[in-house]
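On the provided structure of chain V, position chain P as indicated by the hints.
If you read the sequences in order, they're chains V and P.
Going by the working numbering, the first sequence opens with residue 62, and the numbers climb by one from there.
Going by the working numbering, the second sequence opens with residue 62, and the numbers climb by one from there.
Mixed in with the good hints, there may be bad ones.
It does not matter which identical chain is used: a pair holds within one copy or between any two.
Listed next, the in silico SDA-like pairs over lysine to any residue satisfying Cα-Cα at most 25 Å (straight line) [unchecked claim]: (1) K466 - E121; (2) K496 - D473; (3) K92 - F205; (4) K464 - T341.
I should point out that these hints are in silico values taken from the structure, not numbers from a laboratory.
Protein chains: 2
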Amino acid sequence: MSVQKPSLPKGTRDFGPVQMARRNYILNTIKETFSLFGFQQIETPAMENLSTLTGKYGDEGDQLLFKILNSGDFLKNVEPSDLEKGTSAMLPKVSEKGLRYDLTVPFARYVVMNRNDITFPFKRYQIQPVWRADRPQRGRYREFYQCDADVVGTDSLVCELEILLMIKRVFSKLGITDYSIKINNRKILTGLSEVIGEKGREGELCVAIDKLDKIGWEKVQEELNQRGFGERSIELLSPIITLKADNHKKLDFLKGFLSSSETGLKGLQEIQEVIQLLETFGETQDHVDFDVVLARGLTYYTGAIFEVKVHNVSIGSVSGGGRYDNLTGVFGLEGVSGVGFSFGVDRIYDVMEELGLFPEQHADQTKVLITYFDKSGFDYGLRILNRLRQAGIASELYPDEAKIKKQFTYADKKQIPYVLILGDNEIKEKNVSLKNLISGEQEVLSVEEMISRVC
Amino acid sequence: MSVQKPSLPKGTRDFGPVQMARRNYILNTIKETFSLFGFQQIETPAMENLSTLTGKYGDEGDQLLFKILNSGDFLKNVEPSDLEKGTSAMLPKVSEKGLRYDLTVPFARYVVMNRNDITFPFKRYQIQPVWRADRPQRGRYREFYQCDADVVGTDSLVCELEILLMIKRVFSKLGITDYSIKINNRKILTGLSEVIGEKGREGELCVAIDKLDKIGWEKVQEELNQRGFGERSIELLSPIITLKADNHKKLDFLKGFLSSSETGLKGLQEIQEVIQLLETFGETQDHVDFDVVLARGLTYYTGAIFEVKVHNVSIGSVSGGGRYDNLTGVFGLEGVSGVGFSFGVDRIYDVMEELGLFPEQHADQTKVLITYFDKSGFDYGLRILNRLRQAGIASELYPDEAKIKKQFTYADKKQIPYVLILGDNEIKEKNVSLKNLISGEQEVLSVEEMISRVC
Numbered sequence: 062m063s064v065q066k067p068s069l070p071k072g073t074r075d076f077g078p079v080q081m082a083r084r085n086y087i088l089n090t091i092k093e094t095f096s097l098f099g100f101q102q103i104e105t106p107a108m109e110n111l112s113t114l115t116g117k118y119g120d121e122g123d124q125l126l127f128k129i130l131n132s133g134d135f136l137k138n139v140e141p142s143d144l145e146k147g148t149s150a151m152l153p154k155v156s157e158k159g160l161r162y163d164l165t166v167p168f169a170r171y172v173v174m175n176r177n178d179i180t181f182p183f184k185r186y187q188i189q190p191v192w193r194a195d196r197p198q199r200g201r202y203r204e205f206y207q208c209d210a211d212v213v214g215t216d217s218l219v220c221e222l223e224i225l226l227m228i229k230r231v232f233s234k235l236g237i238t239d240y241s242i243k244i245n246n247r248k249i250l251t252g253l254s255e256v257i258g259e260k261g262r263e264g265e266l267c268v269a270i271d272k273l274d275k276i277g278w279e280k281v282q283e284e285l286n287q288r289g290f291g292e293r294s295i296e297l298l299s300p301i302i303t304l305k306a307d308n309h310k311k312l313d314f315l316k317g318f319l320s321s322s323e324t325g326l327k328g329l330q331e332i333q334e335v336i337q338l339l340e341t342f343g344e345t346q347d348h349v350d351f352d353v354v355l356a357r358g359l360t361y362y363t364g365a366i367f368e369v370k371v372h373n374v375s376i377g378s379v380s381g382g383g384r385y386d387n388l389t390g391v392f393g394l395e396g397v398s399g400v401g402f403s404f405g406v407d408r409i410y411d412v413m414e415e416l417g418l419f420p421e422q423h424a425d426q427t428k429v430l431i432t433y434f435d436k437s438g439f440d441y442g443l444r445i446l447n448r449l450r451q452a453g454i455a456s457e458l459y460p461d462e463a464k465i466k467k468q469f470t471y472a473d474k475k476q477i478p479y480v481l482i483l484g485d486n487e488i489k490e491k492n493v494s495l496k497n498l499i500s501g502e503q504e505v506l507s508v509e510e511m512i513s514r515v516c
Numbered sequence: 062m063s064v065q066k067p068s069l070p071k072g073t074r075d076f077g078p079v080q081m082a083r084r085n086y087i088l089n090t091i092k093e094t095f096s097l098f099g100f101q102q103i104e105t106p107a108m109e110n111l112s113t114l115t116g117k118y119g120d121e122g123d124q125l126l127f128k129i130l131n132s133g134d135f136l137k138n139v140e141p142s143d144l145e146k147g148t149s150a151m152l153p154k155v156s157e158k159g160l161r162y163d164l165t166v167p168f169a170r171y172v173v174m175n176r177n178d179i180t181f182p183f184k185r186y187q188i189q190p191v192w193r194a195d196r197p198q199r200g201r202y203r204e205f206y207q208c209d210a211d212v213v214g215t216d217s218l219v220c221e222l223e224i225l226l227m228i229k230r231v232f233s234k235l236g237i238t239d240y241s242i243k244i245n246n247r248k249i250l251t252g253l254s255e256v257i258g259e260k261g262r263e264g265e266l267c268v269a270i271d272k273l274d275k276i277g278w279e280k281v282q283e284e285l286n287q288r289g290f291g292e293r294s295i296e297l298l299s300p301i302i303t304l305k306a307d308n309h310k311k312l313d314f315l316k317g318f319l320s321s322s323e324t325g326l327k328g329l330q331e332i333q334e335v336i337q338l339l340e341t342f343g344e345t346q347d348h349v350d351f352d353v354v355l356a357r358g359l360t361y362y363t364g365a366i367f368e369v370k371v372h373n374v375s376i377g378s379v380s381g382g383g384r385y386d387n388l389t390g391v392f393g394l395e396g397v398s399g400v401g402f403s404f405g406v407d408r409i410y411d412v413m414e415e416l417g418l419f420p421e422q423h424a425d426q427t428k429v430l431i432t433y434f435d436k437s438g439f440d441y442g443l444r445i446l447n448r449l450r451q452a453g454i455a456s457e458l459y460p461d462e463a464k465i466k467k468q469f470t471y472a473d474k475k476q477i478p479y480v481l482i483l484g485d486n487e488i489k490e491k492n493v494s495l496k497n498l499i500s501g502e503q504e505v506l507s508v509e510e511m512i513s514r515v516c
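If we strip away everything but chain V, and leave its shape as in the complex, we get (with noise of 0.2 Å):
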């Protein structure tokens, strides 16, 4: 075999030690909380039938859909015609299965394949990497871990108010506190563009405003005006673009805007509503903003939509989700409408890096780094070892004879926080002396007194 010189294809990531325990320390929080809340986590497996993907992402989707080519003989129903006509022909023949594109369609196909067994209202959520062959570029990767909690089979506000709860809840232990849950309702938006005349059009209407925070009104107002959109219904929209008030003076100011639209009425009913919930809960409106102009696209929401904005920080948008009404139509299983919501876990890590809210100490860190001379010392370090250890503490021998210098050296890349060191005085008196790497602070003491100190 001859030597190479490895690489890692284009838009891929290895994550070492510290990435990982950052990353772990994101998703375990995001995990317990999904937990607490009752969400019972399942997997999928990575390739999909390309059938279940194909159709469901537009036709950008599916080029980008990375496509695995059939085992064994995968040109045995290939033709030389096919060639000529090129990808599209070709493809069907060479190719059945595809990887996952997002955690949604797969979890469609799960609730429509396992409907009878399934417990409704049905709380999931789902931890795993999709693929997609975008184009590379800085904080877009061609994998990427989606983390995805949905409620399906109950149309409950309680599902709303618990999205509110959980992302609350998760950047309240991550230690993120100047952020917004931006929150609006896609029938406040159908609302919206019948009462400025422009009924039917919510979806171009949606398009336009969703890019008031990247390029301002002004230029929105001329993307609606070359859209066709009358002087008099920009007009009659600018008060909406400009609003200005806490949660419930806004509902009070809609209410009146919206009073001639009744989807828009029952879009802000609900809106209160969670509103309420929240209050009777006893949880603050703190980070909560009803944004009106809030679109997130448009794709298939039907009811709240949602999205966390992470104040001073360069990527700001880490999350988003929304209600939907038809999660498994499309498998032939009507009328299972939900509600989900999407962590960006690695935007989350973006941002908790840029503002340094990462733990100097992780928990699943080693904690103690037995340092020793000479075989008399790693056989003392091996019997406290087991003690460190029965005591739950995580912990190392190093496992070679070795200058202390490197021993130490190791525990310092590792980022060990306290070091033993074994020499002939304390395996006689049988006892440690600790050195706290931090502190600098160096002591002689007992197994027991060392053990209490480290736990």
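Positioned in the frame of chain V, the structure of chain P alone reads:
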């Protein structure tokens, strides 16, 4: 879009909530043990360049790699003549990436690419799915998790000791009590082939005696005979095959038997030292079984080899590993030796199921369901939900006003052990009725009492 009846690709599985809870129970036990021993987690991408994967698993392995079709115009480099030449000419033109086949090759690639940042000795663990285009059959899947721990960059036998300790800890935590950790040393097998007069044929010897468990000594003799091992060699081997004694007696016997083989004696000394380390550490030899005929195929092992067998179950072999000399040579980095071990998570799952060892309740399961009759019960329930979650108790409020029977069915199906019933009396008296669904017991309690009861 037409309606489709969805299905899963052959050889792949969904994991539903119950399976996930059980898998997490196993994996968390393993992870916690790895951390306690100072192993650090890494993750590598699902996709690797085919140049990284190909040629590492033999011809059969290359066939079983899942290859990914190049994205975009995958035919752009294909000539009509390639089609005639068949799959081997076509493959490099339409695919440059594949799905990882195991965790060892990606780990070797990782070590080479990050050799300047890694702290050696490097104790890493990795738990990720791998993919193989094997013919699916009972217990064999095309996607399955591997769970590997390796230490590279040291020859210290402390690593072998720690593998034994980790296995013992994991199995003890999981409640598996009737099992053996078979340990042998590749050098002993080399020694055996030397002393029976078949020097250099330890490969064939291993392949044959590896089948001892399955086909018995008689058939193994036939195979050795067919392979051209002499009568006298087979006769000399005989006492080794039938050797039954405790570890120390086996060691004593082999010291004589292998006295003419330097390599054999070296292997013996290593085994002896590992057993000695176990004693120094203060751990018994229970479950540790020096097995001279353990061969574990051959592949790249050069020192200790391990295999764990659970007794009295249908598929007993659940884990294995060993020491190797040259992990990264194929990627141009020589001299990285180490020792590794892999827990067979699917197998351990099956064993635990067969032995009924999974706990009834899992830590991440909902503990309390709040049920109610009307809006005032719902509102009261929301406030109690807040209290429960603040106490860290995984709990849910049934999301819809529904018949109490339906709410209980939900608790039952989700195996929620406690149900709160909030009727008019409870609301008035500011207490709760708590029903234990396992014992059937029901009592009226204050909210504080209830919380301490279910904690």
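Evaluated hints:
1. K466 - E121: Close neither inside one copy (57 Å) nor across copies (47 Å); limit 25 Å.
2. K496 - D473: Result: close within a single copy only, 12 Å intra versus 53 Å inter.
3. K92 - F205: both (17 Å within a copy, 22 Å between copies)
4. K464 - T341: between (64 Å within a copy, 23 Å between copies)
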